[in-house]
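Residue 122 in my numbering is what sits at position 129 of the sequence shown, and the numbering runs on without skipping anything.
If you are wondering where the hints come from, they were derived from the structure by calculation, not from laboratory data.
Be careful, since some hints might not be right.
Pair by pair, the computed Cβ-Cβ distance ranges are [to be verified]:
{"hint": "1", "residue 1": "M188", "residue 2": "S99", "range": "28 to 34 Å"}
{"hint": "2", "residue 1": "Y185", "residue 2": "T80", "range": "25 to 31 Å"}
{"hint": "3", "residue 1": "N(-5)", "residue 2": "Q39", "range": "41 to 47 Å"}
{"hint": "4", "residue 1": "Y185", "residue 2": "K271", "range": "26 to 32 Å"}
{"hint": "5", "residue 1": "L193", "residue 2": "S97", "range": "48 to 54 Å"}
{"hint": "6", "residue 1": "H138", "residue 2": "M300", "range": "36 to 42 Å"}
{"hint": "7", "residue 1": "E75", "residue 2": "D124", "range": "31 to 37 Å"}
{"hint": "8", "residue 1": "D189", "residue 2": "T80", "range": "26 to 32 Å"}
{"hint": "9", "residue 1": "N37", "residue 2": "T320", "range": "35 to 41 Å"}
{"hint": "10", "residue 1": "M188", "residue 2": "V134", "range": "17 to 23 Å"}
Computed list of lysine-lysine pairs in BS3-like fashion (alpha-carbon distance at most 25 Å, straight line) [to be verified]:
{"hint": "11", "residue 1": "K104", "residue 2": "K120"}
{"hint": "12", "residue 1": "K246", "residue 2": "K324"}
{"hint": "13", "residue 1": "K199", "residue 2": "K304"}
{"hint": "14", "residue 1": "K131", "residue 2": "K238"}
{"hint": "15", "residue 1": "K148", "residue 2": "K104"}
{"hint": "16", "residue 1": "K199", "residue 2": "K131"}
{"hint": "17", "residue 1": "K358", "residue 2": "K218"}
{"hint": "18", "residue 1": "K85", "residue 2": "K120"}
{"hint": "19", "residue 1": "K94", "residue 2": "K148"}
{"hint": "20", "residue 1": "K104", "residue 2": "K218"}
{"hint": "21", "residue 1": "K317", "residue 2": "K246"}
{"hint": "22", "residue 1": "K371", "residue 2": "K358"}
{"hint": "23", "residue 1": "K271", "residue 2": "K324"}
{"hint": "24", "residue 1": "K94", "residue 2": "K131"}
{"hint": "25", "residue 1": "K199", "residue 2": "K238"}
{"hint": "26", "residue 1": "K148", "residue 2": "K218"}
{"hint": "27", "residue 1": "K120", "residue 2": "K148"}
{"hint": "28", "residue 1": "K199", "residue 2": "K148"}
{"hint": "29", "residue 1": "K131", "residue 2": "K148"}
{"hint": "30", "residue 1": "K267", "residue 2": "K246"}
{"hint": "31", "residue 1": "K304", "residue 2": "K324"}
{"hint": "32", "residue 1": "K317", "residue 2": "K304"}
{"hint": "33", "residue 1": "K94", "residue 2": "K104"}
{"hint": "34", "residue 1": "K324", "residue 2": "K358"}
{"hint": "35", "residue 1": "K271", "residue 2": "K218"}
{"hint": "36", "residue 1": "K304", "residue 2": "K271"}
{"hint": "37", "residue 1": "K131", "residue 2": "K104"}
{"hint": "38", "residue 1": "K199", "residue 2": "K317"}
{"hint": "39", "residue 1": "K246", "residue 2": "K271"}
{"hint": "40", "residue 1": "K246", "residue 2": "K304"}
Please read these numbers as outputs of a predicted model, since none were measured by experiment.
Quick reminder that beta carbons are idealized off the backbone N, C-alpha and C, glycines included.
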Amino acid sequence: MNKTTSIIDILNRTDPGQFVYAPNYWQWFAHHSNHGTLPEEIANCQSQLDMIGNLGLDVFSRNIYSNQNEYWFGGLCREVFENAEVTVAAEKQGNDTITTKTYSNSNGELKEELRYVFNESTVVQQKFLIDDYVEQQKLLVDFVHGRRWEFLSDKFQTIQRQVGSRGVVVAGELYSPLKMLHLLLGPVNTTYLIMDQSELVDDLVKIHEQVQLDLALQMARAGVKVMMAMDNLDTMFHPPQYVEKYSASFYEKASRICHEYDGHFFIHACGQQKDNLKLIASLGVDGLEGIAYPPLGDVSLAEAMQMTGDKFILTGGISAAETKELTSRQKVFDYVQQLFRQMLPYRNRFILSASCNTAIDTPYKTICWFRDAWQEYKEIDH
């Protein structure tokens, strides 16, 4: 079966006749490639896309194009500032790379520091752009008001051509106003800012929503059929009352833009999801990426399907807990068979995938076991 057709069936809520499996090997592949530990079977693979193709799996990916050692997401749009000069400097500290981004204007400068941790193959935000929102309030306002994004349509088209009939490229370029505050200040200081300066927050939220919706419109007009807000919609950081006040409007309007252009809007959502599910489904959002079972999540996939109505799409089912605890081929096969039996009534709107990412310490044989189990049970009918 054409894999793009299978993905499109899911987006149309039509049963493709088998379960779709679109894993996320982004961090895993980059880690083993950079450390020279790729297994012999995939040693010639140059990218995550090559690895997915080698395993014969589907592509439904928002990081097939992202640079793993620069940021957690993105790569299809350009950040533009009307009132600031931006400089980027990188330096090595051992095997790690420290990237300092400086934003300067007539009122002063802001600095953000990102550390690429080589041994863990991940980026850590070791200095937030705003660390004193009282002293830096003017600079914070300048930053948010002066920023917008330009979508790189040619790059997107090139990536989609590379994927071809293997699946669909998801433009994971958006993020909500609440996530914007988390990225600029961190979750703790975001909470303090919301409590201390609600009018300022309302202004920042409004501006960010406007420019992100403009980016969503750019993507929709360029032919993007699936876009995603990279919010990590965990209720620990996105409690329902905050989502409703600061992000719901953005989700609803972004979903509407997508639908007007025959597209679909998703949110990245690993972690605790139960308390937000009904609210998110009510906003016209098409689906969530990354539902995990307890202990990493707080709801089963079947429960999440029941809570969100008959149009909501979910991806997930394989978290770091499963790849760590399922230590034999038989355990993996039993897990996948049981999962598919539970999800059979919802096969028209479910994609088996990593709940967030594939942990770097996952043995390659475990990855192959999941592939083999999917092949064995993908057409299960009872």
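Status of the hints after comparison with the structure:
Separated by about 30 Å at the C-beta atoms, M188 and S99 satisfy the suggested range of 28 to 34 Å. Judged by the Cβ atoms, the range 25 to 31 Å given for Y185 and T80 holds: they are separated by roughly 29 Å. Our hint of 41 to 47 Å for N(-5) and Q39 is violated, since their Cβ atoms are close to 24 Å apart. Taking 26 to 32 Å as the suggested C-beta distance range, the pair Y185 and K271 conforms, at roughly 29 Å.
Checked against the hint of 48 to 54 Å, the pair L193 and S97 fails, with Cβ atoms roughly 22 Å apart. In this structure the supplied range 36 to 42 Å holds for H138 paired with M300, their Cβ-Cβ distance being about 38 Å. The beta-carbon spacing between E75 and D124, approximately 24 Å, falls outside the hinted interval of 31 to 37 Å. At roughly 31 Å, the beta-carbon separation of D189 and T80 lies within the given 26 to 32 Å, and the hint holds.
Between N37 and T320 the CB atoms are about 28 Å apart, so this pair departs from the stated range of 35 to 41 Å. Taking 17 to 23 Å as the suggested C-beta distance range, the pair M188 and V134 conforms, at roughly 18 Å. Proximity of K104 to K120 is assessed by CA-CA distance (about 8 Å); at most 25 Å being required, the pair is judged to hold. With a CA separation close to 43 Å, the supplied pair K246 and K324 exceeds the 25 Å bound.
Between the alpha carbons of K199 and K304 the distance comes to roughly 29 Å, so the proposed pair goes past 25 Å and is violated. Restraint check for K131 and K238: satisfied, since their Cα atoms lie roughly 24 Å apart, inside the 25 Å limit. Simply put, K148 and K104 have alpha-carbon atoms about 29 Å apart, too far for the 25 Å limit, and the pair is violated. The suggested pairing of K199 with K131 holds, with an alpha-carbon distance near 17 Å, which does not exceed 25 Å.
Under the criterion of a C-alpha separation no larger than 25 Å, the hint pairing K358 with K218 is inconsistent with the structure, at around 34 Å. Between K85 and K120 the CA atoms are separated by roughly 16 Å; this keeps the pair inside 25 Å, and the hint holds. In summary, the hint linking K94 to K148 is supported, as the alpha carbons are separated by about 24 Å, within the 25 Å threshold. Straight-line distance between C-alpha atoms of K104 and K218 comes to about 35 Å, which puts the hinted pair past the 25 Å bound.
A distance of roughly 39 Å separates the Cα atoms of K317 and K246; the hinted pair therefore is violated under the 25 Å criterion. In summary, the hint linking K371 to K358 is supported, as the alpha carbons are separated by about 19 Å, within the 25 Å threshold. For the hint linking K271 to K324, the alpha-carbon distance of about 33 Å lies beyond 25 Å, and the restraint is violated. Taken as a hint, the K94 and K131 pair is honoured in the structure, with Cα atoms around 18 Å apart against an allowance of 25 Å.
Between K199 and K238 the CA atoms are separated by roughly 11 Å; this keeps the pair inside 25 Å, and the hint holds. For the hint linking K148 to K218, the alpha-carbon distance of about 15 Å falls within 25 Å, and the restraint holds. The straight-line distance between the Cα atoms of K120 and K148 is roughly 30 Å, outside the 25 Å bound, and the hint therefore fails. Under the criterion of a C-alpha separation no larger than 25 Å, the hint pairing K199 with K148 is inconsistent with the structure, at around 29 Å.
For the given pair, K131 sits about 35 Å from K148 by alpha-carbon distance, which is inconsistent with the 25 Å threshold. For the given pair, K267 sits about 23 Å from K246 by alpha-carbon distance, which is consistent with the 25 Å threshold. As the CA atoms of K304 and K324 are separated by approximately 32 Å, the hinted pair breaks the 25 Å bound. The straight-line distance between the Cα atoms of K317 and K304 is roughly 32 Å, outside the 25 Å bound, and the hint therefore fails.
Simply put, K94 and K104 have alpha-carbon atoms about 6 Å apart, close enough for the 25 Å limit, and the pair holds. Between K324 and K358, the direct Cα distance comes to roughly 13 Å. Compliance with the 25 Å bound is thereby established for this hinted pair. The hinted pair formed by K271 and K218 meets the criterion: a straight-line CA distance of about 24 Å does not exceed 25 Å. Between K304 and K271 the CA atoms are separated by roughly 12 Å; this keeps the pair inside 25 Å, and the hint holds.
Distance check on the hinted pair: K131 and K104 sit about 15 Å apart at the alpha-carbon level, within 25 Å; holds. As the CA atoms of K199 and K317 are separated by approximately 42 Å, the hinted pair breaks the 25 Å bound. Between K246 and K271, the direct Cα distance comes to roughly 17 Å. Compliance with the 25 Å bound is thereby established for this hinted pair. For the suggested pair K246 and K304, the alpha carbons sit about 18 Å apart, so the restraint of at most 25 Å is met.
Checked against the numbered hints given earlier, the structure breaks hints 3, 5, 7, 9, 12, 13, 15, 17, 20, 21, 23, 27, 28, 29, 31, 32, 38 and satisfies all the rest.
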